[in-house]
Amino acid sequence: MTVAARFEIEYLQYLGPDGKLVAEPPAAFADPKTLLPLFKQMLFVRTFDSKSIALQRTGKLGTYASCLGHEATHVGIGGSMRPEDVFAPSYREYGAQFMRGVKPREVLMYWGGDERGNDFEGPRHDFSWSVPISTQCLHAAGAALAFKLRKQPRVAVACCGDGGSSKTDFYAALNSAGAFTLPLVLCVINNGWAISVPRSAQTGAKTLAQKGLAGGLNSFQVDGNDLIAVLEGMRRATELARAGGGGSVIEFLTYRLHDHTTADDARRYRSEDEVKDAWTRDPMTRLRTYLTAHKLWDEATEKAWAEECAKRVDVELNAYLETPVQPVEAMFDYLYADPPPDLLEQRAAAIALEKRA
Amino acid sequence: MTVAARFEIEYLQYLGPDGKLVAEPPAAFADPKTLLPLFKQMLFVRTFDSKSIALQRTGKLGTYASCLGHEATHVGIGGSMRPEDVFAPSYREYGAQFMRGVKPREVLMYWGGDERGNDFEGPRHDFSWSVPISTQCLHAAGAALAFKLRKQPRVAVACCGDGGSSKTDFYAALNSAGAFTLPLVLCVINNGWAISVPRSAQTGAKTLAQKGLAGGLNSFQVDGNDLIAVLEGMRRATELARAGGGGSVIEFLTYRLHDHTTADDARRYRSEDEVKDAWTRDPMTRLRTYLTAHKLWDEATEKAWAEECAKRVDVELNAYLETPVQPVEAMFDYLYADPPPDLLEQRAAAIALEKRA
Amino acid sequence: MNVMTKSNDKAGAQAATPTAITLIEAITQALAYEMRNDDSVIVLGEDVGVNGGVFRATAGLQQKFGAERVLDTPLDETTIAGLTVGMAAMGMKPVAEAQFDGFMYPMVDHIVCHAARFRYRTRGRLHCPMVLRVPWGGGIRAPEHHSEANEAIFTNVPGLRVVLPSSPARAYGLLLAAIRDPDPVIFMEPKRIYRQYKEVVADDGEALPLDVCYVLRDGSDITLVTWGAQVKETLEAADKLAFDGISAEVIDVATLKPLDFATIAESVAKTGRCVIVHEAPRTAGFGAEIAARLAEESMYDLLAPVERVTGYDTHIPLFRLEMKYLPSVDKIVAAAKRALAA
Amino acid sequence: MNVMTKSNDKAGAQAATPTAITLIEAITQALAYEMRNDDSVIVLGEDVGVNGGVFRATAGLQQKFGAERVLDTPLDETTIAGLTVGMAAMGMKPVAEAQFDGFMYPMVDHIVCHAARFRYRTRGRLHCPMVLRVPWGGGIRAPEHHSEANEAIFTNVPGLRVVLPSSPARAYGLLLAAIRDPDPVIFMEPKRIYRQYKEVVADDGEALPLDVCYVLRDGSDITLVTWGAQVKETLEAADKLAFDGISAEVIDVATLKPLDFATIAESVAKTGRCVIVHEAPRTAGFGAEIAARLAEESMYDLLAPVERVTGYDTHIPLFRLEMKYLPSVDKIVAAAKRALAA
Ligand SMILES: Cc1ncc(C[n+]2csc(CCOP(=O)(O)OP(=O)(O)O)c2C)c(N)n1
Ligand SMILES: Cc1ncc(C[n+]2csc(CCOP(=O)(O)OP(=O)(O)O)c2C)c(N)n1
Ligand SMILES: [Mg+2]
Ligand SMILES: [Mg+2]
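One line per chain: the protein sequences are A, B, C and D, in this order. By our numbering, the letter at position 199 of the first sequence is numbered 199, and the numbering carries on one by one without gaps. Take any residue in the second sequence, note its place counting from 1, add 357, and you have its number in our numbering. Take any residue in the third sequence, note its place counting from 1, add 714, and you have its number in our numbering. Take any residue in the fourth sequence, note its place counting from 1, add 1056, and you have its number in our numbering.
This is chain A alone, in the form it adopts within the complex:
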């Protein structure tokens, strides 16, 4: 038998669910102190998330996609990028976006039905939220191609879900990354579910990481609830990309602890037991244990920080709630740089109608 090619999919894990190391952490993250600011950010994100859900329940926000349980993956991804890199999120990676400068009020504006949420102050070149699943992966590939052609040492990072890894755009992105040797990192955030469809129904592949082999990419899995593994995975992938070595597919294994969105009721399709079990792998708990063991965290600090988070989130919530609706002409004003006369006529008519009303 002749073998034409051989492959292995590696799995990275350093910090186990119990907060103990299961492997020697890589040098860059060996000092637990480096993790502290990220842990604080994870806590902030969780506060933001629960307050946003509450806001939605009171009717003051539209449908909202929770990020509960994804904090290590999201914050780790955002924390591994440089400002000049470009981020192409799907719709729940607030942790990554906050690390890059997007404001919580902007997230709320978006889910609150206001386009201005996408006009965020975070890196002005970052892509906005992408509702059509995985299309952002190809935009990131296009951005990576632009960086390569301009010989800029920038990396494009896109996120999609386990469901999103079935989407043809995801495959197109990894195919392009291989064909053009692009500085692209495709982060597949496998949280077990695509709304009601379990990971097992999406594909016959043993891992989602191995999809990267189809494009000849650097492909591996990480424990997405282990911040160290997330950081190390991203370090490897971004360094490779920045050095001209091409693209990666990283599968982050985590879990969606909340409903898909506030419009969903997960009890219809998954068991309480599964969720309970997933909580035992919560990214927050293990990191708290680890940092506490290293005397970098304690209950008092947590309490103080929790209060601070609550305060900061409230500021953002209020800023969102106080933002007046856009004027009616806003629906005409950002369509073309050079709007045609007919459109301007419609705009004038819409304004006139408002005045009459």
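It should be emphasised that the hints constitute simulated quantities derived from the structure, not laboratory data. Since this is a predicted model, take the numbers as computed values, not measurements. For each residue, glycine too, the CB sits at the ideal point set by N, CA and C. Incorrect hints may have been included.
As the list claims (entries may be wrong) - Mimicking DSSO-like on lysine-lysine, the simulated pairs with C-alpha atoms at most 27 Å apart in a straight line are:
| no. | chain 1 | residue 1 | chain 2 | residue 2 |
| --- | --- | --- | --- | --- |
| 1 | D | K1393 | B | K712 |
| 2 | C | K1038 | A | K355 |
| 3 | A | K151 | B | K563 |
| 4 | B | K460 | B | K408 |
Stated by the list, open to error - A short list of chain C residues far from chain D (calculated; beta carbon distances all over 10 Å):
| no. | residue |
| --- | --- |
| 5 | A773 |
| 6 | G805 |
| 7 | Y834 |
| 8 | R839 |
| 9 | R855 |
| 10 | R894 |
| 11 | E913 |
| 12 | V914 |
| 13 | A916 |
| 14 | G919 |
| 15 | K971 |
| 16 | A976 |
| 17 | G999 |
| 18 | E1021 |
Put chains B, C and D with the ligands on the given structure of chain A with help from the hints.
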């Protein structure tokens, strides 16, 4: 280091370019006699191909896609299927279609600009030619899903090219095959070129076969110029599929010895040397040598068979040339089972216009 | 529940005293009926199984008919469209769901190049008896891409039917007809009125005719032509006009393609005036085709210029502004009055 | 060759005495000009590199500008569209090619959901300065899917421009304008007339205005409105009509979206009659929008019903029958005479 998954891509080859065995042939094809009818079909296809090109050059045919050099792959694929299986070709696998009962005159009708070429007598359930690259792969997946749901022991076989393996539809097909464990065989016919774009520009993957790993499929390469390897590869894949074991991706390594189509001029983008070199791996020569060595073939037989082929092809050519153009109403008559009144009015108007002209 | 079944009726009548149901329940009822009636009918899409669809259109179907009749697909619309075409060509009757209007675009290739062409391409050897259902249109305070009225993408494509019901009864009857039709049907469901009101719809398996307009209200002064969710606003506008002594005829186009222009022409021949209402952007929306036919065939009947009340030529905004984008009763009444004043 | 260059003109004039060129050569000339002029312009597509495109539109560009400016992509239209959107959002000006009209459908999603929306979605923070070029229409005896007139797919989509040149000069000037436009442009090239005739087109980098109709011939009795390859038949029909003493005004719409209806309205105000000619299927083709505008805004000017001369409401047949499908000079003349007799 933890390894989450390991893979190997096997390469099948039995008959080397010099017509000598490089490995023990599998039992099913150990008797060279089994190859003889297929070899004869390969010769027939080659005759058909050269006469079709000649016909195009005289203006009696539209653009035509040659199959020169693909004979072992095409005939081997067609010869491995059962009548009740379904075949979803791209546009140049005449060898496979002839094995299934499609008539050469039907191929000519199609390239001659007449839809009736698609109304072929070959298995009435086979898909017609598919110009939009690789879309047929998903139709085959849909057919395979139908077979599975109806618990029919039928297999769907689709062909696409090396270029076609970059198409999102191809990825979608292999993803579905894995997700639903479908009786689907995806044949990637890697002939080195997609019009002017070389295989190397399509993807960073080392083999095209490994794309199947993305869907968890049975994935391997065969020497597509070696009829035995083609038959063995197809045997493995169709048996697996029929037994409920799911889908395969087979990469057939061959070469497009002609221009892409008669509308193309390959000298613009590839070297004469490359083509000369490819001729040394011609599927016909090696099989002829092998069968001759086994006293199953000789020059006289070849001459007689060549004459027979020429005669048969001429009958088909003439049948094609003598087929009158469809009446103008043919463009209305096959659109809906139940055509709406406006369309019938347009039909009447078109007929009236014809009469006046 | 009083269950009545005729032994020779495979599908069976489920309830002797049908209760009033919403539009979305009518969809579910039609799907269930036809799945009982014809075992080649297969439902597929994202979340259509255990979850019963994000709008609950397929609620209970997987429990009733099994996982081999109601399939959750991988998350890819290209996949759904391509599998549907392939299954249909093999003689099944797949009813696929696109989760939202804004996610149909990856399906366009398989619909236009294949579903709409199989019969034509093979001179009738193969064909595509499939339905693609999709929740359509704005007004439910949903996120981006969940509110699009994109029917015009399909109306220039030969070989398709484009159907848009606007009441529980028509949803039931037209969906049955769509599934039974041997050609591909794009079945767009006005999600804004999924649960707007209830209507008694007998689960009798009676299809309603495709390819015809439904005259919902007779009138003599002006013809209001619309489809989908706007039927409601249009009927309300007719009420308002009646209050002012104006008699408006209201036509629900129901099947956009092929268009039953005869019914519209007949009405305009009577009224001499026409307002076309739809929520898609104006330019090259399907309303243009109706206005064009009037300009070609009803010129001498028209007593006033045709009016279109439509979405603006911009994207439907996120929900804080979306109601200002959509046609409203007031906009329709104003257009009708303009036409009447002309 | 007498080469003249101004040192302050990056793009440079290539030839002092411009020779007559075909429409496809005008495309190549415009691409080359703008690639010299602006190094953010990138050409990408299937076979656009060494091979210079299947129609030779990009012939010589890779040799001239290098493989980093002219990119052969993997064979996937979704890929081309998605990469183009991503590059454009980063400030490049990609000019992508779809190899044939029938292969554009997989691009619809990225065009409609993203190219057309980036500016709107982000309130101007990001936008998509891209052009998608595509050989368009029938009549070249090509295989299936190589002959489609599918402009209507895009004309209902806000945020896009849809441009269709019909002469070498307009191909050059409008393509330059399209590339320079900061918003996405679908640039459809009538492949049937790629090499039909030559015209002197100075390589001076002068763009022609987008968003306006071009009046190609003045007339007073009837207005003939068309675009793309049918401009030729329409002009010939005008000649024939002139022979019968009928003075036809001929308008090349050129930019379908946004439509310059004012120019058409002005002409019809003068002539009172209008024939719209296009090769796409009639129903919901873009001609419907023009007829609709006439029905709304030019009713009182019209002396006769509007006429449309179009492809039939069926797929363009394979080439043995295709010419019977397309509008012809005779069909146009007949329609004009009907309008004049009305
Ligand atoms: C093209 C498209 N199809 C369908 C949807 C509806 N939808 C929104 S989220 C979702 C599931 C996504 O699952 P996954 O990719 O695993 O991401 P997760 O939500 O779990 O983070 C679906 C089907 C969509 N947004 N876009
Ligand atoms: C969707 C689509 N895009 C582009 C084309 C034009 N085209 C026809 S054949 C071809 C190359 C195909 O190459 P490959 O898949 O390797 O098959 P081969 O022709 O070599 O057998 C291209 C680009 C097409 N037919 N369909
Ligand atoms: Mg998920
Ligand atoms: Mg090839």
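* Index of numbered hints that the structure contradicts, given in increasing order -> 7, 15, 17, 18
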